Structures are given as C-alpha cells and as structure tokens.
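Chains Z and E, in that order, give the protein sequences. Taking our numbering, the leading residue of the first sequence gets 1, the next gets one more, and so forth. Taking our numbering, the leading residue of the second sequence gets 1, the next gets one more, and so forth.
Each statement offered as a hint is correct.
The calculated lysine-lysine pairs, modelled on DSS-like cross-linking and capped at a C-alpha distance of 25 Å, are:
id	chain 1	residue 1	chain 2	residue 2
1	E	K103	Z	K9
2	Z	K9	E	K42
3	Z	K57	E	K103
Part of the chain E face toward chain Z, derived, beta carbon under 8 Å:
id	residue
4	D49
5	G98
6	L99
7	T100
8	F101
9	K103
Distance windows between CB atoms, simulated:
id	chain 1	residue 1	chain 2	residue 2	range
10	Z	P70	E	S74	40 to 48 Å
11	E	K42	Z	T111	15 to 23 Å
12	E	E15	Z	I12	35 to 43 Å
13	Z	H10	E	T10	23 to 31 Å
14	E	S12	Z	N51	42 to 50 Å
15	E	R57	Z	G16	43 to 51 Å
16	Z	G16	E	N27	33 to 41 Å
17	Z	H10	E	H72	36 to 44 Å
18	E	D17	Z	Q17	43 to 51 Å
19	E	N67	Z	G16	42 to 50 Å
20	E	D31	Z	G16	37 to 45 Å
21	Z	S80	E	G83	40 to 48 Å
I should point out that these hints are in silico values taken from the structure, not numbers from a laboratory. It should be emphasised that the depicted structure is a prediction, and the values quoted were computed from it without experimental measurement. For each residue, glycine too, the CB sits at the ideal point set by N, CA and C.
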Amino acid sequence: DSGVTQTPKHLITATGQRVTLRCSPRSGDLSVYWYQQSLDQGLQFLIQYYNGEERAKGNILERFSAQQFPDLHSELNLSSLELGDSALYFCASSGQVYNTEAFFGQGTRLTVV
Amino acid sequence: GESVGLHLPTLSVQEGDNSIINCAYSNSASDYFIWYKQESGKGPQFIIDIRSNMDKRQGQRVTVLLNKTVKHLSLQIAATQPGDSAVYFCAEYGGADGLTFGKGTHLIIQP
Chain Z
1 DSGVTQTPKH LITATGQRVT LRCSPRSGDL SVYWYQQSLD QGLQFLIQYY NGEERAKGNI
61 LERFSAQQFP DLHSELNLSS LELGDSALYF CASSGQVYNT EAFFGQGTRL TVV
Chain E
1 GESVGLHLPT LSVQEGDNSI INCAYSNSAS DYFIWYKQES GKGPQFIIDI RSNMDKRQGQ
61 RVTVLLNKTV KHLSLQIAAT QPGDSAVYFC AEYGGADGLT FGKGTHLIIQ P
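Please put together the full structure from these sequences, using the hints given.
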C-alpha cells in the first residue's frame, strides 16, 4: 500500500459528460501529480500541484483541470469527455517539490462509452 | 520532441537468472534517470534512480547503469524471482516537467 488513495476505482460514463477524480496523498506529502496511462500513449504526465499551487504542467488537455485543496487532497476534472479519454488515471504524491520518488495510487479506470 | 523509449516490449527469463532491461533516452539535459515497476492492477512503484553525473548505482538486488555516451540506461535484477514479474518503465526527470516515462518492458519469469 503506497498510502495514496484514489476514488473511484472504476468509472463508466458517456461521451460529452464531466467527471471528477479524487486523490488523497500520503500523509505529509505536499506534492500531488496526475498521470494518464493508455495503451497507445503510455504514462503521460498531466499536472503537478505543490501545497495548493500549480507547479508544472505536462500534456494536459484544455478540457481537463485540476486543483489541490487546503487539506492537500486533489481533484482532476475531465469535461466534454471523448472516447479517447478512456484510460487509467494515476495520482502520485511526494514530500518535496521536485522528487524522483513518487508514490502512486492504484488508479481510476475511466471508460467513456 | 524528447523521448524515452525501451528496446524490447517483452523479456522472458528463467527464475534465478539475472535480468537486464534496457532503455534508450534522448534528452541529455535530464537530471535523473529512474526505474519504476508496475505490477498488474497497481500503480507504478519506484525502484531506483541515478543522477546524471553517475554511471552506476546499486540497490537491493538491482543495479542501474547509465551510459551517457550512447544515451543508454539499463536495469539489472539479480537472481530474478517470480515477484519480479511486472512491467518496468524507465523515466527521466528534469524537475519542472515531472517524470517522462518510456513505453515499458514486460518482464516474464519462467519457472
């Protein structure tokens, strides 16, 4: 158990809809990262928050947004969903702003139908 | 754009043998190179990292080698065990850009 909790584990929704994925980092970790894993694109870095502020942005679509709350949990919002958004979405956390060792949650499997 | 990739998608080894997983990278400016392991149904798990100014680093049963001349990274696992079956990703770390992962190599352990 990495200590990172993601909910829900599975999500099935229709195209055009909006969903929210939730992540609780390890106790004490200030950095939260979001990754998307798909068969064709592999693991793609989406975005990082540190202590409530956006720190780095990767290949995140404009339809996607995230935030980190004062209690350090984070949410990833995906809107106007397309079939191609079906993937595993991972949250990871680490104690520092920049850290090679990140602890990953078990992921949320999103299926868009 | 920059990329981190793996030579082989699948590697099959006998239990007890040593495994060597290879990775080619293209971004020479990365500060660290890292190996992650992902077991079925789980998130990636950190194994070991190596700073760009080093060429070798050892952990418990694992060794990472970095050859900057040919931009090559390898992970050696000694005395491979059934629990080592997983997909192994190399990744590079450049600070503000987070981790850039390769496509992954599936390590299969034969009894």
